[in-house]
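2 protein chains.
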Amino acid sequence: MSILVVGSVAFDSLETPSGKRERVLGGAATHFALAASFFTKVRVVGVVGEDFLPEHETVLTSKGVDTTGIEHVAGNSFHWTGSYLKELSEAETLATDLNVFADFSPKIPEGYLDSEYLFLANIDPVLQLRVRQAMPNAKLVAGDTMNYWIAAHRENLEKVMKELDVLVINGKEVLMLSDETNWVRGAKKVLAMGPKSLVVKYAEHGVAGFFSDAMLAKMDMCEDAERTIFRAPATPVEDVVDPTGAGDSFAGGFYGYIASQGVENGGKLTPEIYRTAMFYGSVMGSLAVEAFGTERLQRTTREEIDARFAQLKELSHL
Amino acid sequence: MSILVVGSVAFDSLETPSGKRERVLGGAATHFALAASFFTKVRVVGVVGEDFLPEHETVLTSKGVDTTGIEHVAGNSFHWTGSYLKELSEAETLATDLNVFADFSPKIPEGYLDSEYLFLANIDPVLQLRVRQAMPNAKLVAGDTMNYWIAAHRENLEKVMKELDVLVINGKEVLMLSDETNWVRGAKKVLAMGPKSLVVKYAEHGVAGFFSDAMLAKMDMCEDAERTIFRAPATPVEDVVDPTGAGDSFAGGFYGYIASQGVENGGKLTPEIYRTAMFYGSVMGSLAVEAFGTERLQRTTREEIDARFAQLKELSHL
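The listed protein sequences derive, respectively, from chains A and B.
Residues in the first sequence are numbered consecutively from 1, following this note's numbering.
Residues in the second sequence are numbered consecutively from 1001, following this note's numbering.
Don't read these hints as lab results, they were simulated from the structure.
Don't take each hint at face value.
Within a straight-line C-alpha distance of at most 30 Å, the following computed BS3-like cross-link-like pairs (lysine-lysine) qualify [stated by the list, open to error]:
id, chain 1, residue 1, chain 2, residue 2
1, A, K189, B, K1313
2, B, K1188, A, K313
3, B, K1139, B, K1189
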């Protein structure tokens, strides 16, 4: 089944302890789509400028990603400049040139309207809500956000959260959003804001899934009401070259796996699929950081992904 | 089979967001012994002063812990004063009154010499080494340390590390000891310093086990040479009342389970026992933090421990 992802398609200029890169292909929707493409059909809604060349589009289309929803307009694409020299675990933003992204108004092609899975990558919550409302038939809606929207656009973000089956968010953002210091209490408070489930990312410490009663009901696991938390480890990575896009790649692997299983299961999301998806997301995140930009995901294979999945299961199961 | 633990038996005065306690029973050997007592026989070598009353000794003996190795001398017991008001995840030491612990010279009772399992809790590495040498027949030796010994007594610590089958250590200490920023590279570097395996503690993010070739050989799993890392999650705890002793309680549960299985398996440590022990350690650590001092471990039961073990398995296994 198809995922529609809406989000940024951008260029990143990066500095990490492993080196420096100028204007490599990036953006949340790019990383997400590439990661998800190993599992299912992906359609992208975004906007780029004249600097986005056919060679950039080919990175996505060569993996079968449908890019007809990427709007080309006059001007330059979104360009982010960041450094990981001080702290590999947290980017320091040196420049954010929104360019054509400043006026982004998502346009959903007619042919995308039957997408069953919707992923609202990290953009203005006003736009996230608009896209969600334009896709009333999406049967599963997931989304991401960031500290900027939590701090300055809280009210709009809360409207989006009520629409989400899955909120993908990092550990610090959970504490910020909930005003808590404990990770479990924090997650429960965020759940109470509306999303039916959370996937909380803790970088090298993996991810945690938190399920509301509504999500358990949606997954037919009411009898399993104790299982409100699930943890998946991260694949151990010795050489983190570039952490940019790790979270988006996680989300792509996670959601891509869920969508792929929708086909085989007549569309029913089960707890087992959800948990397995967390492992696949973890695998895609670990691959993404092993090279700059999209390099590593471009050259991986489903065989490598499945081998890493097996390794992740071995290192966490008794 | 019996564990001999050598370490501090002390009083702690604590302040946490949940409240304040004066002179509650504490010390690494105390927390370790209590946690391990739910699994196996434990013998303690330590030193206390006149303020250590029969009621304190009863906390241990009522759980079957053998305290004949606790030496009583004139003066006061080790007394630590700490605060978790700034940061629940890291204690701020307000006062360290070593008292009788300053001249601690471990004396091993004759009846303890047949202990198969030795645990060197966090004390001066010179003493750790002396105890290890006094117990040549111990078939498994594990130990703990802390930042103080890493920074100021590195050479002595390195001698102890070469004697250890298991070094229990926290994530920050691994990075400090290895001078690395990556958790996997750091652990591998520490392994290369001598301990046959590491159990690295990451507080609410659980623990990671790292196995050297020597440990894999000891566990008859040479054919499984890829399985050099294992991760166990932490039990989610919503109300952390007092983190003091969490690591020692982890170690007690971990090592206690290993020793208990030694009986049933004719003394052979297997990878499955090691991994399961990491889960049991995690359970004991999560219990310990739910009340001040030793309160929570005093009132838990093996049934509660096993229920939490089952929960931990459920929340981490596909």
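Hint check results:
Pair hint K189 (chain A) plus K1313 (chain B) holds up; C-alpha atoms about 25 Å apart against a cutoff of 30 Å. For the hint pairing K1188 (chain B) with K313 (chain A), the CA-to-CA distance comes to about 21 Å; that is within 30 Å, so the pair holds. With a CA separation close to 25 Å, the supplied pair K1139 (chain B) and K1189 (chain B) stays within the 30 Å bound.
Hint compliance for this structure: no hint is broken.
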